[in-house]
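Got chain A; can you put chain B on it based on the hints?
Protein chains in written order, with my numbering: chain A, 1 to 322; chain B, 323 to 576.
Simulated from the structure, these hints should not be mistaken for lab results. C-beta: ideal position from N, C-alpha, C; glycine also. Misleading hints may appear alongside valid ones.
Just the calculated beta-carbon pair ranges, DEER-fashion [said to hold, decoys possible]:
1. B/GLY446 to A/THR127: 56 to 62 Å
2. A/VAL73 to B/SER408: 41 to 47 Å
3. B/LEU445 to A/GLN140: 42 to 48 Å
4. B/GLN419 to A/PRO300: 40 to 46 Å
5. B/GLN419 to A/LYS314: 35 to 41 Å
6. A/VAL113 to B/SER391: 45 to 51 Å
7. A/LEU297 to B/GLN419: 50 to 56 Å
8. B/VAL510 to A/SER94: 57 to 63 Å
9. B/LYS399 to A/ILE17: 43 to 49 Å
10. B/GLU463 to A/SER94: 47 to 53 Å
11. A/LEU297 to B/GLY446: 52 to 58 Å
12. B/SER391 to A/THR127: 41 to 47 Å
In silico DSBU-like pairs for lysine-lysine, Cα to Cα no more than 35 Å straight-line [claimed, not checked]:
13. B/LYS442 to A/LYS108
14. A/LYS194 to B/LYS468
15. B/LYS339 to A/LYS108
16. A/LYS194 to B/LYS403
17. A/LYS310 to B/LYS468
18. A/LYS194 to B/LYS399
19. B/LYS468 to B/LYS442
20. B/LYS524 to A/LYS194
21. B/LYS399 to A/LYS315
22. B/LYS524 to A/LYS316
23. B/LYS524 to B/LYS468
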Amino acid sequence: MTRNGLIRAGLFFGVLITLPFFSTSQWLTNMFIFTLMYVALASSWNLIGGYAGYPSLGHAAFFGFGAYFTAIVFTDSVGYGWSPFLFLPVVGISAAIISIPIGYVAMKTRADVFAIVTITLLFMAQTLAFNMHKLTGGAQGKGIAVPSFDPATFGRPFYFGMLALAALAMGASMYFRQSKIGLSLSAIRSDEDKALGVGVQVNRVKVLGFAISVGITAMAGGVWAYYEGFVYPQFAVDPLITIGMVLMTFLGGRATLWGPVLGAFILVPAQQYLSYQLGANQFYLLAYAAIFLITMLVLPRGVIPTISDKIWLKKKQREAQA
Amino acid sequence: MAEEEAKRGAGMSTLLKVNNLVKRFGGVTAVNDCSFEVQEGSITALIGPNGSGKTTAFNIITGYLKPDSGTIEFDGKLMAKPTPSSIYRAGLSRTFQQARIFPELTVLENLVISSSFGWKDLLGTRVTAADRKRGMQTLEEFRLDKLHDLRAKDLSYGQRKLLEFASVLMSDPKLVLLDEPTAGVNPVMIETMEKHIRDRNKAGVTFLVVEHDMQLVMRLCDPVIVLDHGSKIAEGMPEAIQSNPQVLEAYLGS
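For reference, chain A alone in the conformation it holds in the complex (with noise of 0.2 Å):
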């Protein structure tokens, strides 16, 4: 990591460390938790949709069987309220684990099938979250044990949690980008007939990413079930979810490391504001499709690097010039 970097990544963290000591707004506290949640959310699919170029649409399905494995172990009891979090990377494992065969047969496919297939696990996980009565308690929902936090401050650890996984996913960004696994997704992504020929494990790297990023997925599903204190299936395994993510990352800017933080920070709020004057209805979607359609028309390569390229372009001129 460069020095600048290290400086933005200290910056970025110890502002967001302080700042639950500077405001108990709840309001402010809720909002955080679901930016931080989609900043983990979004950096762990850009692991495998930015990265490697496979555009999963199934990603909400291993954020439901966290949510759900959370609301399953703690349904009675969550001691003095820590447990859950020290759960999460059982949560993280086991859905990694589980991803291991499913990405294998998964990303036999690629792109626009590959994005079909994995929406198809999207809507299976949500029909076996709707009809296995006795584990998932179907559409009456799943409780989970309401802590004794402090209410004043209730939302703290929430929101340490969310910072957590989001700097979980961004240091796997960021290791993605500095190791053979990131040059080997990007080879991949650029042509992977080619990167078989020059002797690429292709297959390896490939479900390896995908069992990453849906591992730190399904954490974040962990955290936020407990937060909401009730899972339904229609919320745990939300398409919405899995839009929220790929927007996300396509607005900031798709293999970068900061691209899915800026579309996280830009997006949350803004649904909020718009959520808020739209009445409740859900309006905002149709605000959703436009930022995308714009996006794509406008900046088809995201914020991040239509930037990033102009200032390089501007350098590269002035060296020229000189």
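Relative to chain A, chain B alone:
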């Protein structure tokens, strides 16, 4: 000529052996009972009119296509279930007609990704000091070292061809299959390419070259194998091939 034949026979062993390959696409038989051998240390040409099955044969040898029947032996071993990856790792690398490189990666990274690193290296640094040293050496040999941090998509077509050639050498292959290495590049670049093939051949790399530039084939290659309608119709030294009636008929039509 007999002396030369004897010289070629001595100290050379068969590196690649293609046995009775057949490949049909629907009703078209692209490769039809095709057998040939490539001797270690040679620069063998594979020529033939358009549609004679050269590229299909390449695709089968490198594991991109499954033959309907027939076998490939490489370096004395039968390739049972060849995949592009296993073939490359066994020491047989190839280039493509359309200079396939990774446009989003830098020039240096294009070499690193092709160095067939192991499973454990995946977790290691993207471009290690050792990768950089080795990559830059190869880039210097190909005079691409000044361009090492450019994205490969910013290279000219000829430079891409050179880069693809340089990158498939990173696995220290025994045999390199070149699919039209000089198609679409300028005359100076053709000479450059020829020089690099000769240099690497002297260093012990065997080549099998598909090429339409007959002057280059005649200068560079020995022996020349001629395919027509998916099977071998002739093989021999360039001079003999030039006057072979069957070859003339295949090229000029009958």
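Outcome of the hint check:
no., hint, result
1, B/GLY446 to A/THR127: 56 to 62 Å, "violated, 42 Å"
2, A/VAL73 to B/SER408: 41 to 47 Å, "holds, 44 Å"
3, B/LEU445 to A/GLN140: 42 to 48 Å, "holds, 45 Å"
4, B/GLN419 to A/PRO300: 40 to 46 Å, "violated, 29 Å"
5, B/GLN419 to A/LYS314: 35 to 41 Å, "holds, 37 Å"
6, A/VAL113 to B/SER391: 45 to 51 Å, "violated, 31 Å"
7, A/LEU297 to B/GLN419: 50 to 56 Å, "violated, 35 Å"
8, B/VAL510 to A/SER94: 57 to 63 Å, "holds, 60 Å"
9, B/LYS399 to A/ILE17: 43 to 49 Å, "violated, 59 Å"
10, B/GLU463 to A/SER94: 47 to 53 Å, "holds, 50 Å"
11, A/LEU297 to B/GLY446: 52 to 58 Å, "violated, 40 Å"
12, B/SER391 to A/THR127: 41 to 47 Å, "holds, 46 Å"
13, B/LYS442 to A/LYS108, "holds, 24 Å"
14, A/LYS194 to B/LYS468, "holds, 25 Å"
15, B/LYS339 to A/LYS108, "holds, 31 Å"
16, A/LYS194 to B/LYS403, "holds, 19 Å"
17, A/LYS310 to B/LYS468, "holds, 22 Å"
18, A/LYS194 to B/LYS399, "holds, 24 Å"
19, B/LYS468 to B/LYS442, "holds, 30 Å"
20, B/LYS524 to A/LYS194, "holds, 27 Å"
21, B/LYS399 to A/LYS315, "violated, 53 Å"
22, B/LYS524 to A/LYS316, "violated, 40 Å"
23, B/LYS524 to B/LYS468, "holds, 26 Å"
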